Amino acid sequence: MNKYLPQPTEDLIEAKKDLKDFGYCYVANALTKDEVVSVKTRLTEQANGERKHGVAALEYEGSNQRVFALVNKGQVFRDLMMKLVVEEMARSCIGENFILSSLTANIAGKGGKKMPLHTDQMYLAPDLIDTPMVVNMAWLLDDFSEENGGTQLVPKSHLLGRKKFLGLLGEAKESGSGIRRTFIDNPEFKHEIISATAPAGTLLIFDGRTFHGTGINLTENKRHAIFTYFCRTYIRQQENHFLSLPEEIRATSSDEFLDRLGFGTFRGLGAVEGNIEHGTKDKESVRGIERKIQSRPENIIGELS
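Take the sequence shown: its position 304, counting from 1, is numbered 329 in the numbering used here, and each next residue is one higher.
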């Protein structure tokens, strides 16, 4: 690991500075050793179960596996999205009001390929490139290295700005060599591409504008990570929690948890039958933000005459 680049730290002030300056940071010991074991064990059980039942999301002939909608698949996963470090680091990047976009896992095995470099907010208008709208947080369940395909990152690529961002995409398309080669070969866009390197239990956080992608795992051991991906409250989420969240989880969840999933109102958004109630003032349950956690009305008004 290059010494001038971000290093794992327990100092959140330093981590926030790294995130702002480099587009990514490492929070050391975000998970205890016991937490790493419990989360990895549940993830492995789930991944194996999805393979067994023929519903696994596999890539590269099964070398890599994604596990989606982890909100539904274990309390240990739901606990990750509510940790205090998430609260503090997400607020520092995308502001006070944020929600979970998705909670997924990436298990990289031998035989995979490099993922194309991309940003996590490329679906948004280029005019927004100067503002972080999303932030991704990877919980490392194994030691990450270049050899086992640690997430590849392009330091400071979040600072390209709109003109250079569009120029980069245009050049990559015109040359046909892709974004990776453009970063390496073109002096106008030249950036270093590094592999995330940190021990298990580290939280790797990257700005939504930072170019990144899965590396190649050259080892015999699978490399596990869980991604808690957050967005500003008014952006559409990657996972449709309103449809996918089981009722038994919803019924037993706190207002704070449901608010994090996007069930809370936000200013003029989230109405049911036009009803936006800003009356909730339970600061412990809804993070000090006046919200109303919406639920499905018993009677939906349909066609009338």
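Wrong hints could be hidden among the right ones.
As the list claims (entries may be wrong) - Straight-line Cα separation of at most 25 Å, SDA-like style, residue types lysine to any residue; simulated pairs: (1) K181 to K77; (2) K77 to F93; (3) K45 to K247; (4) K45 to Y254; (5) K98 to T57; (6) K247 to G87; (7) K45 to S200; (8) K215 to M140; (9) K77 to R91; (10) K65 to K198; (11) K65 to L270; (12) K58 to T156; (13) K215 to L270; (14) K181 to K58; (15) K189 to S200; (16) K58 to S170; (17) K247 to E39; (18) K181 to F93; (19) K198 to M140; (20) K45 to K181.
Read the hints as simulated data drawn from the structure, not as lab findings.
Nothing here was measured: the structure is a model prediction, and the numbers come from that model.
A quick look at each hint next to the structure:
At most 25 Å may separate the alpha-carbon atoms for a hinted pair to count; K181 and K77 exceed this at roughly 42 Å. Straight-line distance between C-alpha atoms of K77 and F93 comes to about 16 Å, which keeps the hinted pair within the 25 Å bound. Pair hint K45 plus K247 does not hold up; C-alpha atoms about 31 Å apart against a cutoff of 25 Å. For the suggested pair K45 and Y254, the alpha carbons sit about 17 Å apart, so the restraint of at most 25 Å is met.
About 21 Å separates the Cα atoms of K98 and T57, which keeps this hinted pair within 25 Å; it holds. At roughly 12 Å between alpha-carbon atoms, K247 and G87 fall within 25 Å of each other, so this suggested pair holds. Restraint check: the Cα-Cα separation between K45 and S200 comes to about 31 Å, which exceeds 25 Å; the hinted pair is violated. Straight-line distance between C-alpha atoms of K215 and M140 comes to about 19 Å, which keeps the hinted pair within the 25 Å bound.
Of the supplied pair hints, the one linking K77 and R91 holds, its CA atoms being roughly 14 Å apart against a limit of 25 Å. Distance restraint check for K65 and K198: the Cα-Cα separation of roughly 39 Å exceeds the 25 Å cut-off, and the hinted pair is therefore not satisfied. For the hint pairing K65 with L270, the CA-to-CA distance comes to about 22 Å; that is within 25 Å, so the pair holds. The hinted pair formed by K58 and T156 fails the criterion: a straight-line CA distance of about 35 Å is larger than 25 Å.
Restraint check: the Cα-Cα separation between K215 and L270 comes to about 43 Å, which exceeds 25 Å; the hinted pair is violated. Between K181 and K58, the direct Cα distance comes to roughly 31 Å. Violation of the 25 Å bound is thereby established for this hinted pair. Among the hinted pairs, K189 with S200 is consistent with the structure: their alpha-carbon atoms are about 16 Å apart, no more than 25 Å. The straight-line distance between the Cα atoms of K58 and S170 is roughly 19 Å, inside the 25 Å bound, and the hint therefore holds.
For the hint pairing K247 with E39, the CA-to-CA distance comes to about 31 Å; that exceeds 25 Å, so the pair is violated. Between K181 and F93, the direct Cα distance comes to roughly 29 Å. Violation of the 25 Å bound is thereby established for this hinted pair. As the CA atoms of K198 and M140 are separated by approximately 17 Å, the hinted pair is consistent with the 25 Å bound. Under the criterion of a C-alpha separation no larger than 25 Å, the hint pairing K45 with K181 is consistent with the structure, at around 9 Å.
Figure legend: structure checked against the earlier numbered hints; hints not met, in rising order: 1, 3, 7, 10, 12, 13, 14, 17 and 18.
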